[in-house]
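Student: This is what each chain is made of:
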Amino acid sequence: NAGVTQTPKFQVLKTGQSMTLQCAQDMNHNSMYWYRQDPGMGLRLIYYSASEGTTDKGEVPNGYNVSRLNKREFSLRLESAAPSQTSVYFCASSGVAGLGEQYFGPGTRLTVT
Amino acid sequence: SQQGEEDPQALSIQEGENATMNCSYKTSINNLQWYRQNSGRGLVHLILIRSNEREKHSGRLRVTLDTSKKSSSLLITASRAADTASYFCATDIGGSNYKLTFGKGTLLTVNP
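These protein sequence lines map, in sequence, to chains A and B. Counting from 1, one number per residue, gives the positions in the first sequence under the working numbering. Counting from 1, one number per residue, gives the positions in the second sequence under the working numbering.
These are computed hints drawn from the structure, not numbers from a lab. Note that the coordinates shown come from a computational prediction; the quantities given were computed from them, not determined experimentally. Backbone N, C-alpha and C define an ideal beta-carbon position, used for all residues, glycine too. Heads up, some of the hints might be wrong.
Unchecked claim - Computed cross-link-like contacts, DSS-like style, restricted to lysine-lysine with a CA-CA straight-line distance of at most 30 angstroms:
no., chain 1, residue 1, chain 2, residue 2
1, B, K69, B, K104
2, B, K26, A, K57
3, B, K104, A, K57
4, B, K70, A, K57
5, B, K56, B, K104
6, A, K14, A, K57
7, A, K9, B, K104
8, B, K26, B, K69
9, B, K104, A, K14
As the list claims (entries may be wrong) - One-sided and incomplete, this derived list gives chain A residues near chain B with beta-carbon spacing under 8 angstroms:
no., residue
10, F10
11, M27
12, N28
13, G40
14, M41
15, G42
16, Y48
17, E73
18, S84
19, Q102
20, G105
21, P106
22, L110
Only chain A is shown next, with the shape it has when bound in the complex:
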């Protein structure tokens, strides 16, 4: 099992460009999450999907959109990238069988110039 996979690993965008970060999990988990991690700020929740077909805003949703494509896949879209969105983005998933522990992908390092 691959666990949680994310693509791409690195990306450089110019201000105003758009892109989609992809996330997939093969653990049959119901819940999926997108976080951003900035130096000294810990992880902040952008959006989450409690189950297939539902999405909800987290702590810092402005400038982002998400799509829960199916149970396995949860994508994060930046419609018009800004330098303030330079960060490391992590996808995570959590299953019904556990008690809420989350499993993380390796991250996408995004730089917006």
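Got chain A; can you put chain B on it based on the hints?
Tutor: Below, chain B without anything else, positioned relative to chain A:
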């Protein structure tokens, strides 16, 4: 806003020593979890302690929880250089979406 806050922000010890990190939180929780992050990698779940538990062990890890003080501690015994990482506490306030709120982390450096 941050629910959990780790203390200290950074800790440097020698191999073989014990490392203790603390986490304080603000609201009632369903459970509290600790994660490790090696530099440049994703977070890895270490241990979960429920609100009705006071202490839990896993290998060289010992976690305590004091709900009256809204605090938790993570003890790593007989530390190794490979334990060098950032450690985060995360709180789960309950509900079916398993949403967690993370603290800012403690950077542990274990010197060989």
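Student: The structure should be examined with respect to each hint, and the outcome stated for every one.
Tutor: Checked hints:
no., hint, result
1, B:K69 - B:K104, "holds (19 angstroms)"
2, B:K26 - A:K57, "holds (21 angstroms)"
3, B:K104 - A:K57, "holds (21 angstroms)"
4, B:K70 - A:K57, "holds (26 angstroms)"
5, B:K56 - B:K104, "holds (23 angstroms)"
6, A:K14 - A:K57, "holds (25 angstroms)"
7, A:K9 - B:K104, "holds (23 angstroms)"
8, B:K26 - B:K69, "holds (10 angstroms)"
9, B:K104 - A:K14, "holds (29 angstroms)"
10, F10, "violated (11 angstroms)"
11, M27, "violated (13 angstroms)"
12, N28, "violated (14 angstroms)"
13, G40, "holds (7 angstroms)"
14, M41, "holds (7 angstroms)"
15, G42, "holds (4 angstroms)"
16, Y48, "holds (6 angstroms)"
17, E73, "violated (17 angstroms)"
18, S84, "violated (19 angstroms)"
19, Q102, "holds (6 angstroms)"
20, G105, "holds (6 angstroms)"
21, P106, "holds (5 angstroms)"
22, L110, "violated (14 angstroms)"
When held up to the earlier numbered hints, the structure conflicts with 10, 11, 12, 17, 18, 22 and fits the remainder.
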